[in-house]
Amino acid sequence: MSPKKITTADHEIVCQEGESVLDALLREHIDIPYSCKEGACQSCMIRSTDGAPPTNAQKGLKDVLKHQNYFLACLCIPHEDMHVSIGDSPVTFTDGTVTGKELLNPETLLLTIEFDEPLDFYAGQFVNLKRADGLIRSYSIANNRVHAHKLTFHIRRLAGGRFSEWAHQELAVGDKIAVSDPQGLCYYLPNDLEQNMLLVGTGSGLAPLAGIIEEALHHGHRGEIHLYHGSREVDGLYWIDEMRQLAKAHPNFHYTPCVSRGDAPAGITQGRANEVALAALPSLKEWRVYLCGHPEMVNQTKRKAFLKGASFQNIYSDAFHVASSTLE
Amino acid sequence: MSATATTLYEQLGGEAAVNAAVDIFYRKVLDDHRINRFFDHTDMEKQAAKQKAFLTMAFGGPNNYSGADMRRGHAHLVKMGLDDSHFDAVMEHLTGTLRELNVPQNLIDQVAAIAESTRTDVLGR
Ligand code: FES
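For the record, the sequence lines run as chains A and B.
So the first sequence is numbered by the UniProt record's numbering: it starts at 1 and just counts up by one.
So the second sequence is numbered by the UniProt record's numbering: it starts at 1 and just counts up by one.
What the hints contain is simulated information worked out from the structure, not anything from laboratory work.
One or more of the hints may lead you astray.
Unchecked claim - Distance windows between CB atoms, simulated:
id, chain 1, residue 1, chain 2, residue 2, range
1, A, 160, B, 69, 35 to 41 Å
2, B, 16, A, 268, 43 to 49 Å
3, B, 40, A, 147, 39 to 45 Å
4, B, 36, A, 172, 49 to 55 Å
5, A, 148, B, 80, 38 to 44 Å
6, A, 189, B, 73, 28 to 34 Å
7, B, 10, A, 242, 50 to 56 Å
8, B, 83, A, 224, 43 to 49 Å
9, A, 232, B, 99, 43 to 49 Å
10, B, 99, A, 218, 42 to 48 Å
11, B, 100, A, 165, 53 to 59 Å
12, A, 283, B, 73, 41 to 47 Å
13, B, 16, A, 136, 41 to 47 Å
14, B, 83, A, 261, 35 to 41 Å
As the list claims (entries may be wrong) - Just a sample of chain B residues kept apart from chain A, beta carbon distances all over 10 Å, derived:
id, residue
15, 44
16, 53
17, 80
18, 88
Unchecked claim - In silico SDA-like cross-links for lysine to any residue, where the CA-CA straight-line distance does not exceed 20 Å:
id, chain 1, residue 1, chain 2, residue 2
19, A, 62, B, 124
20, A, 308, B, 45
21, B, 46, A, 185
22, A, 130, A, 86
23, A, 304, A, 262
24, A, 5, A, 32
25, B, 28, B, 66
26, A, 304, B, 34
27, A, 304, B, 23
28, B, 28, A, 299
29, A, 308, B, 43
30, A, 308, B, 46
31, B, 46, B, 11
32, B, 50, A, 70
33, A, 304, B, 41
34, B, 46, A, 51
35, A, 5, A, 19
36, B, 50, B, 104
37, A, 62, B, 50
38, B, 46, A, 309
39, B, 46, A, 60
40, A, 62, B, 76
Yeah, the Cβ is synthetic: ideal placement off N, Cα and C, and Gly gets one too.
Whenever a hint applies, use it, and build me the whole structure from the sequences.
What follows is the structure in structure tokens.
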């Protein structure tokens with residue numbers, strides 16, 4: 001095999017015969033984190049931007065990472081020239097038009113934005129919405145990929161939240177708004193239709209989960225799908241009827257709305273969604289787990305799901321979902 | 001390197017062994033009330049990746065272990081009161097994990113010795 005060219009955002013280097021991409025980058029003093037050089041620590045993970053990397057360089061990576069062409073530089077002996085991106089790649093924006101505004105509950109807005117060109121996204125990913133003055137916030141996509149020209153979001157109004165307040169009050173149907181490329185790794189891939197799934201969300205964390213569930217059902221997912229949606233009070237819940245109907249139509253989909261404060265009305269479970277879920281499910285071994293909402297809930301539940309048998313490979317949550325409920 | 005030389009890392013089973021060990025090890029650590037509070041605010045997925053790097057190192061695999069990083073990485077835990085007793089508990093789970101994986105005692109001893117060598121850095125002394 002002859003030497004291969006590796007192109008990064010600002011360098012072009014040559015990978016010698018039999019040399020790993022990591023060694024080539026380090027030889028050229030390009031800054032890239034690494035530790036074990038053995039494919040174990042995953043600290044040298046980078047992304048191929050022009051097609052699939054050699055499969056053995058993706059050993060042990062989460063399905064969504066493989067799917068987005070991430071690979072371990074220390075394991076990668078290139079077969080051909082490669083373009084790679086190290087660290088975060090720059091985000092591009094496309095203009096969409098607001099076509100719908102509707103309240104889901106007193107504090108949550110269902111916002112619909114449509115685009116001329118179809119978008120490539122996966123339900124559960126998020127985008128950044130940018131106001132004309134440059135103010136940016138991240139929101140999860142709430143619909144599935146079947147509607148490629150359209151994105152929907154659940155925007156919870158937060159006290160003093162500059163963006164959410166503006167979206168609720170001033171943003172109007174017909175307005176243009178800049179929307180970033182879809183991002184994030186909390187989404188569904190139809191690679192194991194038999195796998196059981198647990199989804200736990202609080203507040204507007206239902207948005208990505210509902211999209212993921214729709215996507216899974218659309219692919220004919222056969223494993224059990226358990227959704228626990230929680231809020232402090234019943235007022236903070238929404239789509240209760242929609243989710244109940246979905247559960248009626250799909251016997252493998254189970255929905256449990258929860259309220260953590262006060263007495264729960266009939267049909268609603270009293271307790272924190274994550275605690276109710278973990279108490280109800282005996283083991284999460286081989287399960288896929290999706291978590292969105294309050295940061296502490298996400299962190300705690302990750303740990304508990306792991307102790308109940310789920311592997312970290314199968315637990316999905318984006319850091320942004322964690323940040324979004326505290327920072328606005 | 002001669003053709004017959006095998007590292008401890010290879011003898012233990014390389015990457016697959018590290019993966020199996022991280023899983024068992026973390027279940028032990030997070031179940032242990034003496035030490036699990038130190039992980040209350042940690043992102044466990046990132047932590048597991050770091051732990052893989054550490055075990056690769058402890059298994060004698062290639063690594064760029066740096067005492068300075070270890071110090072920096074544990075400084076906030078030292079502030080929370082991390083001391084020898086906690087380090088001992090972690091060592092106990094590490095050796096327990098290897099025993100569970102049926103690793104021969106002489107290899108466990110080697111791993112323990114490598115891990116032990118990080119004690120002063122981890123405890124910031
Ligand atoms: S350096 Fe550890 S996986 Fe590449």
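How the hints compare with the structure:
In this structure, residue 160 of chain A and residue 69 of chain B meet the distance hint of 35 to 41 Å, their C-beta atoms being roughly 39 Å apart. At about 46 Å, the CB distance of residue 16 of chain B to residue 268 of chain A agrees with the hint of 43 to 49 Å. Against the hinted window of 39 to 45 Å, the Cβ-Cβ separation of residue 40 of chain B and residue 147 of chain A comes to about 40 Å, which satisfies the hint. In this structure the hint that residue 36 of chain B and residue 172 of chain A lie 49 to 55 Å apart at CB holds, the actual value being about 50 Å.
At roughly 49 Å, the beta carbons of residue 148 of chain A and residue 80 of chain B sit outside the given window of 38 to 44 Å. A C-beta distance of roughly 33 Å is found between residue 189 of chain A and residue 73 of chain B, which places it inside the suggested range of 28 to 34 Å. Separated by about 55 Å at the C-beta atoms, residue 10 of chain B and residue 242 of chain A satisfy the suggested range of 50 to 56 Å. A beta carbon spacing of about 45 Å between residue 83 of chain B and residue 224 of chain A agrees with the range 43 to 49 Å that was offered as a hint.
Distance hint check for residue 232 of chain A and residue 99 of chain B: the Cβ-Cβ separation is about 46 Å, which falls inside the suggested range of 43 to 49 Å. The beta-carbon spacing between residue 99 of chain B and residue 218 of chain A, approximately 47 Å, falls within the hinted interval of 42 to 48 Å. Range check, residue 100 of chain B to residue 165 of chain A: about 54 Å between beta-carbon atoms, so the 53 to 59 Å window is met. A C-beta distance of roughly 33 Å is found between residue 283 of chain A and residue 73 of chain B, which places it outside the suggested range of 41 to 47 Å.
Distance hint check: the CB atoms of residue 16 of chain B and residue 136 of chain A are about 42 Å apart, consistent with the given range 41 to 47 Å. The beta-carbon spacing between residue 83 of chain B and residue 261 of chain A, approximately 39 Å, falls within the hinted interval of 35 to 41 Å. Listed as outside the interface, residue 44 of chain B is inconsistent with that label: its C-beta sits roughly 6 Å from the nearest C-beta of chain A, within the 10 Å cut-off. The Cβ of residue 53 of chain B sits about 3 Å from the closest Cβ of chain A, inside the 10 Å cut-off, so the non-interface label is violated.
The Cβ of residue 80 of chain B sits about 17 Å from the closest Cβ of chain A, beyond the 10 Å cut-off, so the non-interface label holds. The Cβ of residue 88 of chain B sits about 22 Å from the closest Cβ of chain A, beyond the 10 Å cut-off, so the non-interface label holds. Simply put, residue 62 of chain A and residue 124 of chain B have alpha-carbon atoms about 34 Å apart, too far for the 20 Å limit, and the pair is violated. A threshold of 20 Å between alpha carbons decides the hint, and for residue 308 of chain A with residue 45 of chain B the separation of about 15 Å falls inside it, so the pair holds.
Annotation: proposed proximity of residue 46 of chain B to residue 185 of chain A holds, straight-line Cα distance about 14 Å (limit 20 Å). Between the alpha carbons of residue 130 of chain A and residue 86 of chain A the distance comes to roughly 25 Å, so the proposed pair goes past 20 Å and is violated. A distance of roughly 25 Å separates the Cα atoms of residue 304 of chain A and residue 262 of chain A; the hinted pair therefore is violated under the 20 Å criterion. At roughly 17 Å between alpha-carbon atoms, residue 5 of chain A and residue 32 of chain A fall within 20 Å of each other, so this suggested pair holds.
Taking the CA atoms of residue 28 of chain B and residue 66 of chain B, the gap is near 26 Å; set against the 20 Å cutoff, the hint is violated. As the CA atoms of residue 304 of chain A and residue 34 of chain B are separated by approximately 17 Å, the hinted pair is consistent with the 20 Å bound. Between residue 304 of chain A and residue 23 of chain B the CA atoms are separated by roughly 13 Å; this keeps the pair inside 20 Å, and the hint holds. Restraint check for residue 28 of chain B and residue 299 of chain A: satisfied, since their Cα atoms lie roughly 18 Å apart, inside the 20 Å limit.
Our distance criterion of 20 Å between C-alpha atoms is met by residue 308 of chain A and residue 43 of chain B, whose separation comes to about 17 Å. Taking the CA atoms of residue 308 of chain A and residue 46 of chain B, the gap is near 19 Å; set against the 20 Å cutoff, the hint holds. Of the supplied pair hints, the one linking residue 46 of chain B and residue 11 of chain B is violated, its CA atoms being roughly 26 Å apart against a limit of 20 Å. Of the supplied pair hints, the one linking residue 50 of chain B and residue 70 of chain A holds, its CA atoms being roughly 18 Å apart against a limit of 20 Å.
Distance restraint check for residue 304 of chain A and residue 41 of chain B: the Cα-Cα separation of roughly 13 Å lies within the 20 Å cut-off, and the hinted pair is therefore satisfied. Proposed proximity of residue 46 of chain B and residue 51 of chain A is contradicted: the alpha carbons are some 26 Å apart, above 20 Å. At roughly 12 Å between alpha-carbon atoms, residue 5 of chain A and residue 19 of chain A fall within 20 Å of each other, so this suggested pair holds. For a cut-off of 20 Å, the pair hint linking residue 50 of chain B to residue 104 of chain B is broken: about 25 Å separates their Cα positions.
Restraint check: the Cα-Cα separation between residue 62 of chain A and residue 50 of chain B comes to about 16 Å, which is no more than 20 Å; the hinted pair holds. Straight-line distance between C-alpha atoms of residue 46 of chain B and residue 309 of chain A comes to about 18 Å, which keeps the hinted pair within the 20 Å bound. Between residue 46 of chain B and residue 60 of chain A the alpha-carbon distance is near 15 Å, which keeps this suggested pair within the 20 Å criterion. For the suggested pair residue 62 of chain A and residue 76 of chain B, the alpha carbons sit about 30 Å apart, so the restraint of at most 20 Å is broken.
When each numbered hint is compared with the structure, violations occur for hints 5, 12, 15, 16, 19, 22, 23, 25, 31, 34, 36, 40.
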